[in-house]
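Trainee: Chains as they are written, first to last, in the numbering used here: chain A, 1 to 496; chain B, 1001 to 1497; chain C, 2001 to 2125.
By construction, these hints were calculated from the structure, which means they are not laboratory data.
Keep in mind that a hint or two might mislead.
Calculated pairs, DSBU-like style, for lysine-lysine (alpha carbon to alpha carbon, straight line, at most 35 Å) [claimed, not checked]:
id : chain 1 : residue 1 : chain 2 : residue 2
1  : B       : Lys1376   : C       : Lys2032
2  : A       : Lys163    : B       : Lys1376
3  : B       : Lys1159   : C       : Lys2032
4  : C       : Lys2037   : B       : Lys1376
5  : B       : Lys1112   : C       : Lys2119
6  : B       : Lys1376   : A       : Lys167
Computed from a predicted model, the values in this text were never measured in an experiment.
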Amino acid sequence: MPDVSGLLPAVTIAIPLLAAVLILITGRHENLRETATIVAALAMLGSVASMLPSILDGGRVTLVLLPMVPGGDLALRVDAFGMVFALTAAALWLLNSFYAIGYMRALQEHAQTRFFFCLAVAIAAAIGIAFSANLLTLFVFYEILTVITYPLVVHIETPEAMKAGRKYLAYLLVGGIFLLAATVLTYILTGTTDFVPGGFLAGSGAALTLQILFGLFLVGFVKAAWMPLHAWLPAAMIAPTPVSAFLHAVAVVTAGVFGIVRVAGWVFGMPLMASLGLGVVLAVIASLTIVTASLFALAEDNLKRRLAYSTVSQLSYILLGVSMLSVAGMTGAMAHIPFHAFMKITLFFVAGAVIVSAGRERISDMKGLGHKMPVTTLMFAAAAIGICGLPPLCGIISKIYLAIGAVEGGMPILLLVLIASAVLNAAYFFPIIYTMLVDRPADPHALDAVSEPPLTMLVPIVLTAVISMLLFFFPSVPFMDLVRIAIGEITTGVVP
Amino acid sequence: MTLIDHLPVLLVAGPIVASLLTLVAGWHDRRLCYPIALAAVLGEFAAALVIFRQVMGGGTVRYDVGGWAPPMGIELVIDTFGGFILATIMLLALMTTLYAFRSVTKEIPTEKTVSFYVIFQVLLAGLIGMTITGDVFNLYVFLEISSIAAYTLISATRKPHAYVASYNYLVLGSIAAGFILLGIGNLYVATGTLNMAELAAMLPGSYDLATVHAAFLFLIIGFSIKAAFFPLHLWLPDAYTESPSAVTVLIATVMAKVSVYALFRFLFSVFTLAYITEIYPVTGVVLLIATIAIVAGAILAIAQDDLKRLLAYSSVSQIGYIMFAVGVANQIALEGGLLHILGHAVMKGCLFMVAGLIIYQTGTARLSELGGIARKMPLSCAAFALAGASMIGIPPTIGFMSKYYLVLGAFEAGLWPYAAVLLVGSLLAAAYIWRFIEIAYFGGHHDEHHRTEIREGPASMLAPALGLSLLCLLLGIFVAVPLEAIGLAVAQLLGGA
Amino acid sequence: MIEAFSELFFARYNYWMAIILMLIGLYALIAKQNLVKKIIGLNIFQTAIFLFYISVASVEGGTAPIYLPDGASAVYVNPLPHVLILTAIVVGVSITAVALSLVVRIYEEYGVIDEDELKEAVRGR
């Protein structure tokens, strides 16, 4: 099917931007302001979903926004892989918005207008990344995302938060510089930065140049939090939980791994990466990150920081899948993006619920919480099980593909990494469940005031967990279908 | 001949007449000064746009002053590059004049108001003259006119340190002017003409003469001092910091850009590209020094506590970016350089305007005392944030576009390490811009009780600042518009037309 | 040898004069502490440049460039540099005037016109 030109990609990005302006205007009137967010989230989800049928049929929607610089116009193209990210982000923005409203009101946080404004612009940037048609557009939205998430990270404005914010910005801006260098180098080598299924770099430079280029890209996508450049993510946990949940399960980190998969599949192409030996390099980095991050997670008592290290580890699953340079591996990598997002956001939502309802951040303080917050804890348990890779949640699907991919790609040693990681996952998740469900607090009346979080928070928690389960039973709808189309694109080089 | 045909000379004569009018009118009633100044600048801005359209449509505009043909007479030449610079500086001059109304009333002693507006016009006359002249000695004369006006304006405040700053600027600026005069003299000795076009035609025959080399060196050094190209920038921090806010905006944007324009004119139009790259290759040295300027200026900026001084050192760094384009000397890099001339004028103008707003409202520009100012002056700080983002090079602002072109030009010329330094420069810029953003937006929880009476600045000062900051974004998004003119201008510069 | 020597020095004495005067002026500008002396140094520097220009304009056997009643065939020195230097002298005078008025102001404010003492005074404020 040929590419179709349409305004919907731009409309999808414009909706949250419009909401951002409305949020600024209605700042004083809280209910109006939250309505703006919710309506925009619904509208955006609708806009993304409306493009779904044509994408599932194998088509793509393109739109050139502006001629920009030599190297690329500001152009959007909605294809299957972009849809995976966009659908995840749109759906989770809606749920996160309800959650955030509940969270901020329950804690009576300050500067809520600034908070919701930045969230709206951030999602616009994330969708922009998902819909980018070339490296330059990706870079533009990438940098916007960096800058607009800073106020969210330093929201509580304590000296500690400011320090964390500086670290966050330092890592991400340096990454941005590398990404810019990589983009410029790509343009110099090939005269274009448009994404082409199957890659377009083959034969455009010496092997060493292309290897260095991939290195530049890898550092550029520091948002993927691969070790040792991961430190910004645990530091960013100082942000309010809706930020941690949304940005650091969905938008920012997913943008990072999305970028790497895009570059692997649509700039380099898997055969070129294999011939340059990049698979091995990526596999080593990914494996080290997976294992080391899990070990760090074991040592953390702060629940959000433990989840942060878990995220670091899980993101490298995606990198691992890419490194296998096999069809199944790539499938697993792409599938893990939405699956991990839904499960991880559930876990973060619960962490926030615990802060709101019980005022506790450390796992050691959460003894016996499950008895007072049964539904919440149950959802945590479910999502945790899913992250470990057990049915009936969707995590197991991507893990199976990764396992197959390891063998297919001729790197069976990666199976060991997967197994070790599964064990470590269990090692740092099950104690949390045990503490919350089985353990009893020393003071029997310590938890008297604790109950389930407000409905605006509870419902999203349940929904994300339920969706994670539905995705196990119906994975094709629509993610696996989209992934299959994307894989088909990059392996044949032809848009089906 | 119609009025339009005489526009070039009116562009110079206009401000001079306006300054005299201001003087006379001011004797009667002080309050007449500002309307006359504003009307004059509006007229000049319109004229500049008309001429720019003429140039874009019909090619270079040439005007013989007094009807005397060159090389005997003085010629006013406005080509694409000149027209572009003219439009840029008049836009900034207009914004500054709008801004100056309240700012001047507060910062300049009342008895000096009339003189201020008179000299303001004279400064503009000098700068416009520098931009449109086609005769090198005429350039020198206008340079001195604008310099003297600038020395006077910088000291037109109640702050005593301004006198010292102005004196130091005067000494260094006069040495620079002396060198420029010497350079022009040498050129005359070598060729016998003072007309730029004729010089460009006649010099290639004399390229091997020591006279020509000496002239080149004198001119480069002289204009580098005027443009504050590191390490000849020592007059700049004091001059920018101590002068009244409106004057800072004017000299940081308009005067700095015209000095750079003059340097470009000499480098590319009089001494052509072939000379500066092959016969007397200075581009390598310029590139190296420019790179050092970028880093040194930024590092010095990070260390400052005074906001205006921080922005002044930032200017030193940014001039390094523009000279970087000269050092690389290919089409793409020079397009980036010219784009940066426009972009930096807009960005720095906005930043200095916000600094002036803060001083107007709070009386201080020390960062340590400005904690949490964004809560009291949200619009001003928003303007700063947007212009600051452009300074750092966040897409899709104009700052990003110009940096992208510079990086692309450097990569194309194979100058990887220099491109890397350029990229690092934007990180350093992030460091000093972010200092203010952090302090303004997220700082000063303990100072709340001090500043209950601080509000947003007056609209006549806020509107130009906001306008310029929006322009940073718009120029970046619609970068194709200025690039149309810039592409032509650079082609002319490189082609030696 | 003598020819080379005379070629280098005597034939180009105006260049040497200008260089020496310029250096004297620059020395005064940089090394002298008194603000007024600096301005005098600046004047010497500028005058050196003026003299250089005018010396360049001289034509052997030429007379002042004023139109003689006997005709245009007389040999005149080149008038153009003279004109340019007139302008430059005016510029120099203006600069001196501004500079001196600044010195007066500085003296009124700080009570010193010595550069080192001025630095102390400024820091003290």
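Trainee: Straight-line Cα separation of Lys163(A) and Lys1376(B) no greater than 35 Å?
Mentor: 24 Å, holds
Trainee: Quick one, are Lys2037(C) and Lys1376(B) close enough, alpha carbons at most 35 Å?
Mentor: The hint is violated at about 49 Å.
Trainee: Keeping to a limit of 35 Å between CA atoms, is the pair of Lys1159(B) and Lys2032(C) held or broken?
Mentor: 26 Å, holds
Trainee: Has the given pair, Lys1376(B) with Lys2032(C), been kept, meaning a C-alpha gap of at most 35 Å?
Mentor: 49 Å, violated
Trainee: Hinted pair, alpha-carbon criterion (35 Å max): Lys1376(B), Lys167(A). Please report holds or violated.
Mentor: 27 Å, holds
Trainee: Hint check: Lys1112(B) vs Lys2119(C), CA-CA at most 35 Å. Holds or violated?
Mentor: Measuring from Cα to Cα gives roughly 27 Å; hence the hint holds.
Checked against the numbered hints above, the structure violates hints 1 and 4; every other hint is satisfied.
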